[in-house]
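**Q** Sequence order for the protein chains is A, B, C and D.
When the letters of the first sequence are read in order and numbered with the numbering used here, they come out as residues 1 to 390.
When the letters of the second sequence are read in order and numbered with the numbering used here, they come out as residues 1001 to 1390.
When the letters of the third sequence are read in order and numbered with the numbering used here, they come out as residues 2001 to 2390.
When the letters of the fourth sequence are read in order and numbered with the numbering used here, they come out as residues 3001 to 3390.
For the record, the hints were derived by calculation from the structure and aren't laboratory data.
Please note that the accuracy of each hint is not assured.
In the DSS-like style, the derived pairs of lysine-lysine whose C-alpha atoms are separated by at most 25 Å in a straight line are [unchecked claim]: (1) D/K3274 with D/K3235; (2) B/K1003 with C/K2063; (3) A/K3 with D/K3081; (4) A/K285 with B/K1003.
Examples of chain A residues lying across from chain D (beta carbon under 8 Å, computed) [what the hints assert, rightly or not]: (5) N306; (6) S315; (7) I333.
Label-pair distances were calculated between CB atoms; the ranges are [said to hold, decoys possible]: (8) C/A2326 with D/M3159: 49 to 55 Å; (9) D/M3159 with A/S238: 31 to 37 Å; (10) D/S3320 with A/P184: 16 to 22 Å; (11) C/A2326 with B/D1183: 23 to 29 Å; (12) D/K3382 with C/A2185: 41 to 47 Å; (13) B/R1390 with C/D2183: 50 to 56 Å; (14) C/D2183 with D/E3358: 31 to 37 Å; (15) D/K3382 with C/T2243: 33 to 39 Å; (16) D/M3159 with C/A2185: 23 to 29 Å; (17) D/E3358 with C/T2221: 40 to 46 Å.
Every residue, glycine too, gets a C-beta built ideally from N, C-alpha and C.
Chain residues, written in single-letter form:
There are 4 protein chains.
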Amino acid sequence: MGKDGFIELSNKRPDVTSPGIGVLGYGFMGKVHSNAYVKIPYTYQSPAVFPELVALCGRNAEKVSDVAIRFGYGGFYTDWKKLVNDPDVQICDNCTPDDMHAAPTIAAAKAGKHVICEKPLAMTVQDARNMFDAVKNAGVKHMLCHNYRFMPAVRLAKMLIEEGRLGTIYQFRGRYLQEVGHDPATFAENVWYTAGTKSGVLLGIGCHIIDLSRFLVGEITAVNGLVKTFNTERKLSSGAVETVTADEVNYALVEFDNGAVGTLESSGISTGRKNQCTWEINGSKGSISFDIEDLNHLHVYLDNGNDVKGFTDVSVTDFSHPLQSAILPPGHIAGWEYGHIHALHHFLDCVVNDKKVEPLAATFEDGYRIQVIMEAIQKSSKHGKRLEIR
Amino acid sequence: MGKDGFIELSNKRPDVTSPGIGVLGYGFMGKVHSNAYVKIPYTYQSPAVFPELVALCGRNAEKVSDVAIRFGYGGFYTDWKKLVNDPDVQICDNCTPDDMHAAPTIAAAKAGKHVICEKPLAMTVQDARNMFDAVKNAGVKHMLCHNYRFMPAVRLAKMLIEEGRLGTIYQFRGRYLQEVGHDPATFAENVWYTAGTKSGVLLGIGCHIIDLSRFLVGEITAVNGLVKTFNTERKLSSGAVETVTADEVNYALVEFDNGAVGTLESSGISTGRKNQCTWEINGSKGSISFDIEDLNHLHVYLDNGNDVKGFTDVSVTDFSHPLQSAILPPGHIAGWEYGHIHALHHFLDCVVNDKKVEPLAATFEDGYRIQVIMEAIQKSSKHGKRLEIR
Amino acid sequence: MGKDGFIELSNKRPDVTSPGIGVLGYGFMGKVHSNAYVKIPYTYQSPAVFPELVALCGRNAEKVSDVAIRFGYGGFYTDWKKLVNDPDVQICDNCTPDDMHAAPTIAAAKAGKHVICEKPLAMTVQDARNMFDAVKNAGVKHMLCHNYRFMPAVRLAKMLIEEGRLGTIYQFRGRYLQEVGHDPATFAENVWYTAGTKSGVLLGIGCHIIDLSRFLVGEITAVNGLVKTFNTERKLSSGAVETVTADEVNYALVEFDNGAVGTLESSGISTGRKNQCTWEINGSKGSISFDIEDLNHLHVYLDNGNDVKGFTDVSVTDFSHPLQSAILPPGHIAGWEYGHIHALHHFLDCVVNDKKVEPLAATFEDGYRIQVIMEAIQKSSKHGKRLEIR
Amino acid sequence: MGKDGFIELSNKRPDVTSPGIGVLGYGFMGKVHSNAYVKIPYTYQSPAVFPELVALCGRNAEKVSDVAIRFGYGGFYTDWKKLVNDPDVQICDNCTPDDMHAAPTIAAAKAGKHVICEKPLAMTVQDARNMFDAVKNAGVKHMLCHNYRFMPAVRLAKMLIEEGRLGTIYQFRGRYLQEVGHDPATFAENVWYTAGTKSGVLLGIGCHIIDLSRFLVGEITAVNGLVKTFNTERKLSSGAVETVTADEVNYALVEFDNGAVGTLESSGISTGRKNQCTWEINGSKGSISFDIEDLNHLHVYLDNGNDVKGFTDVSVTDFSHPLQSAILPPGHIAGWEYGHIHALHHFLDCVVNDKKVEPLAATFEDGYRIQVIMEAIQKSSKHGKRLEIR
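Model the full assembly from the supplied sequences, consistent with the hints where possible.
**A** In structure tokens, the structure reads:
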């Protein structure tokens, strides 16, 4: 174009790698991952990669094309088997419903794609094992997308624990509460855990708490579970009534390999709690607490032995804190979406620069272990017994 | 006295009954109860009684006399057997260490005194049973002093639940965290749960959470326990080292007879938590949460279906709220001591005016049931099994 | 009495001085002061004094005798002139309405009594000056009862400032908000600032903010005021309508002699604010904030240069903090009434042990200066000009 | 491309208008606006526009091209005179330093571009007036980018006020506190208000508080100002020392045309406060408070006359609330950047669909009036007099 003084640009930077991304699913998670890919180049002052949004996939062509256009994908597929074999795709990111995690992810790994999968890894321990085996056999990079590990406050917590500033870890107390199903009159299809794959609250959000407890404290060695469904029937908007087997609340008493003990809880019927994912860790020298609905803050108590002692409300928005956005100055709060931006940037960096995905991110191995723990919680509840996790 | 214009007064009001009070123990609880008795006549605009502090009892004459003088007792004893038989004493209030609860309380009941006992009722289920039997047989009034039932905010919560404003109760989540033993270097005699009767955290403060859960939700029918001592040895200031068997943390998953489920926790090693007794209840239509360190507030969520919906921070200091002090106007916060003031006033009112102690206050029957639950938590932890409570 | 084993006690301790107290007024403040006197002997492990409640005074014999009995006074008067000359009274404590502060206090000082007066010292600068002159001339001890100086958190703040831990003080931001008059339909006699002496919000509660700013920051040298009455008429319950001249809201921009600047505000129409007396101080190295409705906590920010930095929520209930009650362990919150307990104990200690009342407590000199500032705020508002305070 | 099953897409949607955007400035604000444009198409389920990022402009070619590539601009300019005449640009968005607001914006308007300008509109009242006149004369759309009006919580507040649910508005209390300059040793070029255009705190952030007060309460009719610089000299990193004339703190007592009164404050030296932009409004029937560092919540008190009354912590993340993102479900918090996304989307919608920019957004007329008020605050401080605003 001959406009005076105008320097035209290509959207690629010759010095930054642009891996091709294929995303399966255009629902909530598909949108959140797409948003993250779009933002990576400018969230980081010096991004490690410029992801290229090669293709989005979904069964409904009209809907998938609407989302694909809005996020700037090169195109779309309606058949996942095609996407996982697209030669322009280096990374296949599975954002489909839980019961669609195994097959496409295994196929993608077999096709040599690096793979990302949304949580929970699978619906069953067997599927999770198969997925883990597939990525190991294929020798591809793999990440289970537990975004909460990539909140700056969670990362700061991890650092404080690793530096020993909390002393010996005694206790973990984690819960994830939502209210979506609290009203028995809400239609089954409007309650995520009784809709779609009907996988329940433990698989849907309880897995986050398990992941955070393992990330921050250590491996879980025993569980004592209690799982319950209060509203065992729900109406559909059609007027039909469904039997509900998905759990609505679940609890576990847990023991960690380092001796710590604690509680895990998730609920879909905690009226008034929109998305309260909160945890507290108590160590012999200090404590930390966090709530995802106040994710720019970490509350830290360190026994400093002086007269100004108490939980300190640390804003993790200072430039000195980990995972800060290039856009946001101190006190300008980052939204929930930043967990995914940082998590996906990390994985792309690992792929492009051949770094290790773990321990900062969860892998399919973590996903498999989490699945084992979730199954143990359900079994423990059924049989009224503590179960060891091997 | 012949001073001009001076009208001399007796400290008794002829129209208000003055039951004689004998208090056993002058430590923390002895002082707190004494304070409550002194304040009753003026905390209430129209007090039901003017308690008369007849006698305090303790083994160390010098110390007991100091406290007795400071609180205005008529005199003191150094032998509890004498106090429980003092004819001027109508109400015997046992504020001694836990292992001294049974014998004097039973003796007082046999002597026809109405009895108050500090929590926990006893060290064992058997003692608790004996105490409950004794008061039944003697036909005297009895109260287990669970002061937290008499916080205005807890009373408001009870009212909201009874009025059905939370709908069906789904979940209870209660914990009582203190930090007193968090540092392994703290001497055993400076940690209340390894000092004195060494009765541990569950008996010491866990009983409060059990009582509140039963008061607000209903009877507990099954427990799944986890009990642990981290610091299994502690130095004394003498340099000697003691083996610690008292629990430092304990958890229970619980089921209630109305179908609700939940978690109970207490800990003496939660660094940074001074006296965090907090609970949350989720029902199908609303939720409530409370923290004893912010006792003038109750956080209430009612699903009102409009655009201003969320947890409401209710200051329970308005004159319209239950249990308001005659002294304190709205926003002038009441201290922790008011739980005891209101609890003891209630019991005195029941004695003087022949009212029922329960359900507002806990009785020895409640104490016995709580003891059964505490024992079940310990057994469940030991055997790794859920236990039904009969 | 010949009861076996019973040691009878006198309520006096021979080794502790018991000054005779005469209190004028039995309303809100009369009760709060009486409560404080009763509690002094046992709030402190080693109280400096055992005050003796000689006499209460009020015009209505029935009402004053009811309160006097309930708090344990020796007797009562219905004529203040008699009380201020009672030879058994060493300390005269004036808790009457604002327009009754001057005459009885001056008379008591002339009679050689040490004097305490509730805030504000007077209705006018002239009366305040007369009162200050009277106590100086009489050579008696004098205290203006600004109880908030005696909150443990405020005392800790004072210590941190004096130790230079906030660096150079830049800003003070104080406000005292109540809602009592927010509804125009509330009857005039139910709104304290339009009832009784009708002295308005600035005199009624604004004086507290001025006192705290002077106590914590320094002398005020200039003010810029804005004073307003929104509801210029109010109904009485009789149906009659009164013209209201008392201010409902007032503001001042202030300058301090040390260069700091800030804002003062008080309001009686801040809907939803029951008793929010809050202030924040910003210095070059740190900041502090406080709210009287959360009085067991002080929020402190110290720029420590490390990665755990933020406002620290300091519970001032540890035994190591100033002004702790002998009754309350860590985390067992103290009520609003403790400000008066500590303030009155301090004054009694000063009287008995000849210590200096200031700078910990406010004196009549402070009261006079506060009165000058209040008058300047009103004048400044009227004339739209900044006024220097000499 | 002939990939099997792949449907290629253009990034334009034929049915949605794509106005061309030219942005001046690639610093903090240039990035924030660019981010907003990128996100508009997918933040909204049905975006009104698909903005096309035609060109970015900055003097340093290397830096501007880096930012332009990362956000996906078509190209860049190094001379603003070229950009404002680019025929592909329909909307010129000025994100340059304050002293560069007037000339390019006026030029753009004269060239027939619709214009957006970052706050404050100008450095002087005269420049602001000229800018307002220019857009009026050119007949173009104009928006002053006061992003905080577009926070969902602020929008909800506006709705509640307009519906009369707070009753008569009595008081506004707004402040904007940052700590950037609190340490006298911080170099002048690292403190935004002493760096660059050195325009000071009132112009830099105080304007936000003035805008919010006018948006929520009404026109300001009189001010009483206090403006101060504590650190009148600052070192540069070069070692040189600069005289600082920019204000560090400023206050105003204000009166509104509807009778309400209040305080405005902004500070750059409030240690510990990163970006605390908070305000409270008290009306005869209710109150609202808000803090930009907790922007997903609005605290609302409505005097509902029942027993559950208090400030309600409303999470504005429900789908039913205004300005919700299509990506974020309830409780998944939105970041600070959403203010700009919504504000810029609004303006683009106004341009494309010929809607009115005001009253939801601020216009250059608002900018001019805010400039008049800021100047009056400075003059009032200098002369110690209340000034009427005409």
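**Q** So, for every hint listed, does it hold in this structure?
**A** Each hint tested on the structure:
Using a Cα cut-off of 25 Å, the hinted pair D/K3274 and D/K3235 holds, with the two alpha carbons roughly 22 Å apart. Restraint check for B/K1003 and C/K2063: the C-alpha separation of about 21 Å stays at or below 25 Å, so the hint holds. Restraint check for A/K3 and D/K3081: satisfied, since their Cα atoms lie roughly 12 Å apart, inside the 25 Å limit. A hinted pair counts as satisfied when its Cα atoms are at most 25 Å apart, and A/K285 with B/K1003 does not qualify at roughly 63 Å.
For the restraint placing A/N306 at the interface with chain D, the shortest Cβ-Cβ distance is roughly 18 Å, beyond the 8 Å limit, so the hint is violated. For A/S315, the suggested interface contact is upheld, since its CB lies about 6 Å from the closest CB of chain D, less than 8 Å. Interface hint at A/I333: satisfied, since its Cβ lies 5 Å from the closest Cβ of chain D, which is below the 8 Å cut-off. At about 53 Å, the CB distance of C/A2326 to D/M3159 agrees with the hint of 49 to 55 Å.
Separated by about 35 Å at the C-beta atoms, D/M3159 and A/S238 satisfy the suggested range of 31 to 37 Å. Between D/S3320 and A/P184 the beta carbons are some 20 Å apart, a value that agrees with the proposed interval 16 to 22 Å. Between C/A2326 and B/D1183 the Cβ separation comes to about 24 Å, which falls inside the hinted range of 23 to 29 Å. Restraint check, D/K3382 to C/A2185: a C-beta distance of roughly 44 Å satisfies the suggested window 41 to 47 Å.
Separation of B/R1390 from C/D2183 is about 55 Å and conforms to the stated range, judged on CB atoms against 50 to 56 Å. For the pair C/D2183 and D/E3358, the supplied restraint of 31 to 37 Å holds, since their beta-carbon distance comes to about 34 Å. At roughly 38 Å, the beta carbons of D/K3382 and C/T2243 sit within the given window of 33 to 39 Å. A C-beta distance of roughly 25 Å is found between D/M3159 and C/A2185, which places it inside the suggested range of 23 to 29 Å.
For the pair D/E3358 and C/T2221, the supplied restraint of 40 to 46 Å holds, since their beta-carbon distance comes to about 43 Å.
The structure shown violates the earlier hints numbered 4 and 5.
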